[in-house]
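J.: Chains as they are written, first to last, in the numbering used here: chain A, 83 to 434; chain B, 3 to 526.
Honestly, I wouldn't trust all of these hints.
Stated by the list, open to error - When the alpha-carbon atoms are kept at most 25 Å apart in a straight line, the in silico PhoX-like pairs for lysine-lysine are as follows:
#1 B:Lys182 x B:Lys88
#2 A:Lys364 x A:Lys400
#3 A:Lys381 x A:Lys403
#4 A:Lys109 x B:Lys479
#5 B:Lys171 x B:Lys145
#6 A:Lys373 x A:Lys415
#7 A:Lys147 x B:Lys490
#8 A:Lys284 x A:Lys353
#9 A:Lys147 x B:Lys469
#10 A:Lys285 x A:Lys243
#11 B:Lys88 x B:Lys171
#12 A:Lys147 x B:Lys93
#13 A:Lys95 x B:Lys490
#14 A:Lys415 x A:Lys403
#15 A:Lys93 x B:Lys490
#16 A:Lys284 x A:Lys294
#17 B:Lys182 x B:Lys463
#18 B:Lys490 x A:Lys170
#19 B:Lys460 x B:Lys472
#20 B:Lys437 x B:Lys468
#21 B:Lys35 x B:Lys152
#22 A:Lys147 x B:Lys468
#23 A:Lys109 x B:Lys490
#24 A:Lys147 x B:Lys479
#25 A:Lys147 x B:Lys472
#26 A:Lys395 x A:Lys429
#27 B:Lys407 x B:Lys463
#28 B:Lys88 x A:Lys109
What the hints assert, rightly or not - Now the in silico label distances, taken between C-beta atoms and shown as ranges:
#29 B:Val487 x A:Lys87: 24 to 30 Å
#30 B:Arg512 x A:Lys395: 31 to 37 Å
#31 B:Glu445 x A:Val110: 46 to 52 Å
#32 A:Lys230 x B:Val487: 39 to 45 Å
#33 B:Ala470 x A:Pro387: 44 to 50 Å
As the list claims (entries may be wrong) - Facing chain A, according to a computed beta carbon distance under 10 Å, are these residues of chain B, among others:
#34 Val168
#35 Asp169
#36 Val430
#37 Leu433
#38 Lys472
#39 Met476
#40 Phe481
No lab work stands behind these hints, which were simulated from the structure alone. Remember, it's a predicted structure, so these values are computed and weren't measured experimentally. Note that the Cβ used here is the ideal one computed from N, Cα and C, for glycine as well.
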Amino acid sequence: MMTRKEIAINKLKSLGETIIEDVSQNKVPAVRVPSRGTSNIVYDENRRHYVLGDRYGQRSLGNVKQIKKIGQMVYMANFCKQLVEREKTATLRELYYVSEGWEVEFGTQDESNIVGEDLEVTLGMTREDLGLMPEEDGASVYGDLTIKEDDLEINALRSGKSGYTISPTINEVEFVDHNVQRVIAVETMGMFHRMVQESAYKKFDTLIVGLKGQAARATRRFLKRVNDELGLPVYICNDGDPWGFHIAQVIISGSAKLAHVNHDLATPDAKFLGVTASDIIKYDLPTDPLKDIDVLRLKELLKDPRYRYETWKMEIKKMLKIGKKAEQQSFSKYGLEYVVDTYFPEKLEQME
Amino acid sequence: MERQAGELFEEFQELTASEFFRKNKQMLGFSGKIRSLTIVFHELITNSFDAAEEAGILPEIKIDLKRLDKDHYVLRHTDNGPGIPKNFVTKVFCTMFAGSKFRNIQSRGQQGLGCSGCVLLSQMTTGKPARVISGYRENGELKGVQMTLKMDVKKNKGLVLERKKVDVKSTGVCLELHFKDVSYSLSEQGAFEYIRRTMIANPHAKIVFRDPTGHKYIFNRASAVIPPLPKEVLPHPKGVTADDLIFMAKHTDKRRFRSLLTSSLSRMSTKRVNEIQELTGIDLNKRPKDMKWEEAEQIVDLFTKMDFMAPPTSGLIPIGEEQIEKGVVEILNPEFVAAISRKPVTYRGGVAFIIEAGIAYGGDSGRMVGEQRKAEIMRFANRVPLSFDQGSCAITEGLKSIDWKRYGIRDLESAPITIFVNIISTQVPYLSTGKQSVAPEPEILHEVRQTAMTVARKLQKYLRAKKAEKEEAMRSKIFEEYVPVILKEAALLAETDVPEYQPVLAKVTRRALAELMGEPIDDD
Chain A
83 MMTRKEIAIN KLKSLGETII EDVSQNKVPA VRVPSRGTSN IVYDENRRHY
133 VLGDRYGQRS LGNVKQIKKI GQMVYMANFC KQLVEREKTA TLRELYYVSE
183 GWEVEFGTQD ESNIVGEDLE VTLGMTREDL GLMPEEDGAS VYGDLTIKED
233 DLEINALRSG KSGYTISPTI NEVEFVDHNV QRVIAVETMG MFHRMVQESA
283 YKKFDTLIVG LKGQAARATR RFLKRVNDEL GLPVYICNDG DPWGFHIAQV
333 IISGSAKLAH VNHDLATPDA KFLGVTASDI IKYDLPTDPL KDIDVLRLKE
383 LLKDPRYRYE TWKMEIKKML KIGKKAEQQS FSKYGLEYVV DTYFPEKLEQ
433 ME
Chain B
3 MERQAGELFE EFQELTASEF FRKNKQMLGF SGKIRSLTIV FHELITNSFD
53 AAEEAGILPE IKIDLKRLDK DHYVLRHTDN GPGIPKNFVT KVFCTMFAGS
103 KFRNIQSRGQ QGLGCSGCVL LSQMTTGKPA RVISGYRENG ELKGVQMTLK
153 MDVKKNKGLV LERKKVDVKS TGVCLELHFK DVSYSLSEQG AFEYIRRTMI
203 ANPHAKIVFR DPTGHKYIFN RASAVIPPLP KEVLPHPKGV TADDLIFMAK
253 HTDKRRFRSL LTSSLSRMST KRVNEIQELT GIDLNKRPKD MKWEEAEQIV
303 DLFTKMDFMA PPTSGLIPIG EEQIEKGVVE ILNPEFVAAI SRKPVTYRGG
353 VAFIIEAGIA YGGDSGRMVG EQRKAEIMRF ANRVPLSFDQ GSCAITEGLK
403 SIDWKRYGIR DLESAPITIF VNIISTQVPY LSTGKQSVAP EPEILHEVRQ
453 TAMTVARKLQ KYLRAKKAEK EEAMRSKIFE EYVPVILKEA ALLAETDVPE
503 YQPVLAKVTR RALAELMGEP IDDD
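Construct the entire structure; sequences and hints are all you get.
T.: Laid out in structure tokens, this is it:
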């Protein structure tokens with residue numbers, strides 16, 4: 083079997099080959115780029131995440147408006163191929179600066195980011211596969227997991243109180259060993275530290291992942307890999323509001339915007355643990371009233387195919403009915419330990 | 003104390019035309035410093051043109067304008083026309099309403115006020131006499147006379163201060179006048195612009211103008227064709243009033259009213275006269291002077307209801323498309339020009355007119371406003387520029403009512419174009435005595451619109467072709483720049499050599515391969 087690296091190099095090379103082939107046959111080369119417009123993003127019931135439809139756009143060498151784009155794609159592909167061959171990575175920002183030396187330079191970084199996405203969808207590979215890294219680091223991980231980054235072995239239990247930070251190059255990381263049963267991801271670093279302090283990792287034999295809000299691509303790739311490769315169930319605990327719901331849902335079903343790489347990022351088996359509307363009622367949590375924008379967002383979620391399961395629909399409707407939301411940390415109403423001592427055990431028992 | 007009528011009427015007097023205009027000089031167009039000078043130029047130039055053309059001479063005028071003091075100028079105007087016989091010189095320059103143009107004929111001037119009006123203005127503002135040199139032929143012999151003249155306003159006659167024979171080299175008139183309270187301006191209403199526009203409508207003329215700074219402008223002839231002389235045409239029945247009929251009846255030598263009608267009006271056949279007699283019950287065999295006002299009214303009323311052939315158009319001499327284009331090219335040096343001369347039609351049922359229009363784009367077209375060229379409208383009536391009162395003019399209104407966007411001109415105001423419109427008619431319906439704007443008769447508005455739209459369509463076609471050509475060139479440039487570098491990079495990516503790509507480049511630039519390869523192209 084070919085490694086991801088070999089696949090990436092081959093795919094990049096083939097982009098050049100099709101163009102050269104066409105020219106040799108006196109044909110005007112054109113690259114077909116799957117369309118990323120909202121109308122071409124469809125929810126795949128079998129795979130349980132968003133995928134791209136079958137609509138294509140053209141980048142033709144014979145079109146005034148497209149020739150620069152196809153040129154930029156070719157230059158970028160060459161740059162990526164060199165990165166992958168030398169096992170280096172570059173950030174999108176670095177790529178943008180490198181492109182200033184090209185004959186087909188970009189006007190803005192947005193423009194180069196878009197061509198980067200073009201390359202991803204055309205080749206069907208994530209940009210991490212192509213050596214392009216996001217700026218930001220991924221989530222923090224705490225728990226008994228041993229990984230290998232290059233030659234360095236790291237145990238996430240012995241990486242300080244903030245744990246191991248998921249690197250943008252998570253694809254290159256090798257899982258060496260672990261001694262956990264599950265993974266619990268929490269929205270805020272506040273909750274992450276609470277769980278570390280209360281030894282939740284020991285109590286529940288779990289990895290604790292601090293998402294820091296919306297999960298970065300590297301974090302989602304990490305969760306997908308531990309779920310797939312290590313067979314660990316993934317639970318997500320966020321604030322009890324539409325935004326917390328959606329952070330969980332993007333981990334579970336993928337985002338619409340990254341439909342072309344969701345197969346590498348979505349973890350359809352991950353489960354939303356809370357805070358649910360039912361939890362708010364059951365635990366009588368301190369709440370804030372829903373704002374107009376919260377209500378609007380909840381109603382949007384009701385129409386989203388990712389929320390088509392009855393349990394989701396019920397929770398959304400319930401929240402709309404009570405008109406209230408609650409933060410993760412609101413459990414401290416009953417003492418700081420309550421969330422670890424009472425809430426998590428009850429919920430985990432319910433779900434497992 | 004009550005005064006008797008007789009006492010009051012002791013002060014009763016007759017006012018001569020000169021006296022009237024001395025008090026009402028604005029009626030001659032002399033209002034405002036800039037306008038007054040432009041009107042002087044207008045009167046002298048049109049007179050010279052008319053005179054030269056009538057004599058079959060290509061007009062050539064020399065104008066010298068010197069500034070003696072602020073608002074004080076000396077104007078010397080010299081033409082190459084047939085000149086004025088010495089006995090007529092005082093009449094031409096010092097008597098108002100004396101002239102040869104009171105006929106139903108297409109001409110620039112019409113009322114015999116032009117030259118004498120200028121002399122009047124000069125005298126009123128400076129008290130200085132006019133100096134005239136006239137060269138003319140008498141019995142084949144070239145004669146010259148020099149006169150210094152003043153106008154006796156009370157008598158509407160000239161006073162000769164000095165008169166002597168002089169040697170002249172050719173025929174023509176040289177007039178020297180002093181003016182105060184006038185001002186030379188380069189604005190749209192100024193004298194310079196008046197000359198420039200005159201030259202566009204009269205490409206057969208030559209004008210050499212020395213402005214107050216001493217700069218000499220030579221406006222050369224763009225065409226050596228003297229326009230044919232317009233013929234006098236009889237008035238059309240639909241264009242006459244009851245008063246006209248009574249006037250004709252009084253001054254005719256015909257014995258019967260019916261023969262007066264057939265000989266004085268156009269399109270008036272015996273058959274029509276019989277119809278009129280039948281329908282009105284008026285005996286048309288009676289003597290003209292027995293015609294009553296009520297009967298004349300009845301006949302005119304009937305004219306409006308009857309069908310007549312359109313008036314003859316032999317009296318209308320348009321400038322013509324070719325001549326307009328020549329004039330425009332000479333003066334504006336545009337990138338594109340198109341002109342149209344429409345067929346004659348009538349307004350008010352009986353007055354024939356022709357609308358001609360030209361459009362110029364690029365070059366010196368449009369007027370400079372700051373750094374930018376904006377659209378300018380040049381209005382003409384019988385080849386004479388109309389410089390004032392453009393707001394209410396049929397030409398302006400007609401042009402403004404056109405949806406210029408449809409012709410690829412996004413904003414008429416800010417396009418570098420000049421639109422030329424000339425109305426030709428024996429009776430141009432002016433809105434006021436200044437004769438600077440044409441009445442918006444529905445038929446005239448319609449013709450102005452149609453004519454302008456026709457030339458606008460031609461401009462649109464040109465602009466489209468120009469844009470397409472530019473885009474084509476840009477296209478080719480883009481491909482020629484990018485294709486080689488992209489294919490080099492693609493070959494690097496594919497780890498192979500750059501293939502032969504000239505056929506593909508030829509395909510995408512839609513250029514002949516031979517041309518791309520730098521091979522000579524066969525022109526045959």
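J.: Hints numbered earlier in the text: which of these fail when held up against the supplied structure?
T.: Violated hints: 1, 12, 17, 20, 28, 30, 31, 34, 35, 36, 37, 38; rest satisfied.
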